[in-house]
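Participant: Here is how the chains run, residue by residue.
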Amino acid sequence: DAGVTQSPTHLIKTRGQQVTLRCSPKSGHDTVSWYQQALGQGPQFIFQYYEEEERQRGNFPDRFSGHQFPNYSSELNVNALLLGDSALYLCASSLPTGYYEQYFGPGTRLTVT
Amino acid sequence: SQQGEEDPQALSIQEGENATMNCSYKTSINNLQWYRQNSGRGLVHLILIRSNEREKHSGRLRVTLDTSKKSSSLLITASRAADTASYFCATDEDGGSQGNLIFGKGTKLSVKP
Chain A
22 DAGVTQSPTH LIKTRGQQVT LRCSPKSGHD TVSWYQQALG QGPQFIFQYY EEEERQRGNF
82 PDRFSGHQFP NYSSELNVNA LLLGDSALYL CASSLPTGYY EQYFGPGTRL TVT
Chain B
6 SQQGEEDPQA LSIQEGENAT MNCSYKTSIN NLQWYRQNSG RGLVHLILIR SNEREKHSGR
66 LRVTLDTSKK SSSLLITASR AADTASYFCA TDEDGGSQGN LIFGKGTKLS VKP
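Chains as they are written, first to last, in my numbering: chain A, 22 to 134; chain B, 6 to 118.
Here chain B stands alone, though its shape is the one from the complex:
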């Protein structure tokens, strides 16, 4: 079953614009992670935010986490054509410390040059 649900399902923007993707989840978590996937290949880890953190930055990425609303957002600033990919949020379950990840269906981002 899916834990996270990304919104929107698809997003098309121009190069240089910012892209925002949202994720909602259902249960308590230890952490939330964002991954990128290019054209059905392997997933690339982008950023991990722990349940006691509210915001985290990595380069052009900014992630927020609101555990009271069970939601997270990923902001990509100054987007590039190379950012075109599918983006997934993934959560574990609090108490499920073995770390099996539960993924949403992803947001498909298209950045037009």
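Next up, chain A with everything else stripped away, as it sits in the complex:
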């Protein structure tokens, strides 16, 4: 049973560029959440997708957008990259309510230069 997978593992971009990160959820899960983790900090919630719709959003600007596909996989897009967007981006999948644990992927390390 494959767990949560993310691609790519590492990414280096230049300030002002755009980036797309990808996530495939654990088998049987239909809800995908994205988190940003800066160095030395805990993960911060970006948004959550369920039934191909953004269901909840954290305190992140509109430069951060996402998408969920019919097979439940998801993308995170970040436009107009800033140096401060450098972080580990984590995808987590779960069942659709808050009563269950979330399963995290290995993350994508994004470096903006």
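Derived from the structure by calculation, the hints contain no laboratory data. Think of the CB as a built atom: it goes at the ideal place given N, C-alpha and C, for glycine as much as any other residue. Check the hints yourself; a few may be wrong.
[To be verified] Derived DMTMM-like pairs (lysine to aspartate or glutamate); straight-line CA-CA distance at most 20 angstroms:
| no. | chain 1 | residue 1 | chain 2 | residue 2 |
| --- | --- | --- | --- | --- |
| 1 | A | K34 | A | E122 |
| 2 | B | K110 | B | D12 |
| 3 | B | K61 | A | E122 |
| 4 | B | K113 | B | E20 |
| 5 | A | K47 | A | E122 |
| 6 | B | K113 | B | E10 |
| 7 | B | K110 | A | D106 |
| 8 | B | K74 | B | E10 |
| 9 | B | K110 | A | E122 |
[Claimed, not checked] One-sided excerpt, in silico: chain A residues whose CB lies under 7 angstroms from chain B:
| no. | residue |
| --- | --- |
| 10 | A23 |
| 11 | G63 |
| 12 | G105 |
| 13 | S107 |
| 14 | L109 |
| 15 | E122 |
| 16 | G126 |
[What the hints assert, rightly or not] What the simulated footprint calls covered on chain B by chain A, stretch by stretch (three residues with Cβ under 8 angstroms from a Cβ of chain A suffice, anywhere in the stretch; the number is not a length):
| no. | stretch |
| --- | --- |
| 17 | 43-51 |
| 18 | 108-117 |
Once you have looked at the hints, place chain B on chain A.
Facilitator: Leaving out everything else, chain B in the frame of chain A:
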């Protein structure tokens, strides 16, 4: 914003000793979860305790929850060098049933052989 705050920020012990980490949070919750993270990689779910539970065990892990004090503790017994990692508590918000998690900054545990 951070909901949970772990204490201590760092903990160094010898193999075989017990490690205790504490977490405090601010709002009413549905459940509280503990995660482990090795060297900036993905988070591994350890244990989930619901708001109507007071104590839960899983192998060498023991978690307690005191909703009146808005606090939780994680005890790792007979620690091993492989337990070296950062440990995070994460909560949702009561009424926020979509399950976006709010993390603390974590406790960095070092177990010396």
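Participant: Does the interface hint hold: is G105 (chain A) within less than 7 angstroms of chain B, judged Cβ to Cβ?
Facilitator: violated, 17 angstroms
Participant: Holds or violated: K113 (chain B) and E10 (chain B), Cα atoms, limit 20 angstroms.
Facilitator: holds, 13 angstroms
Participant: Between K110 (chain B) and D12 (chain B), does the CA-CA distance stay at or below 20 angstroms?
Facilitator: holds, 9 angstroms
Participant: Check the hint pairing K74 (chain B) with E10 (chain B) against an upper bound of 20 angstroms on the C-alpha distance.
Facilitator: holds, 13 angstroms
Participant: Does K34 (chain A) pair with E122 (chain A) here, judged by a C-alpha cut-off of 20 angstroms?
Facilitator: violated, 32 angstroms
Participant: Was the hint right that A23 (chain A) lines chain B, CB cutoff 7 angstroms?
Facilitator: violated, 14 angstroms
Participant: Is the Cα-Cα distance between K61 (chain B) and E122 (chain A) 20 angstroms or less?
Facilitator: holds, 15 angstroms
Participant: Check the hint pairing K110 (chain B) with E122 (chain A) against an upper bound of 20 angstroms on the C-alpha distance.
Facilitator: holds, 19 angstroms
Participant: Taking the closest Cβ pair, is L109 (chain A) under 7 angstroms from chain B?
Facilitator: Constraint on L109 (chain A) satisfied, holds at 6 angstroms.
Participant: Count the residues of the stretch 108-117 of chain B whose Cβ falls closer than 8 angstroms to any Cβ of chain A, and tell me whether that reaches three.
Facilitator: holds (count 4)
Participant: At a threshold of 7 angstroms, is the proposed contact between S107 (chain A) and chain B supported by beta-carbon distances?
Facilitator: violated, 13 angstroms
Participant: Does G126 (chain A) meet its interface restraint, that is, does its C-beta lie within less than 7 angstroms of any C-beta in chain B?
Facilitator: holds, 5 angstroms
When each numbered hint is compared with the structure, violations occur for hints 1, 10, 12, 13.
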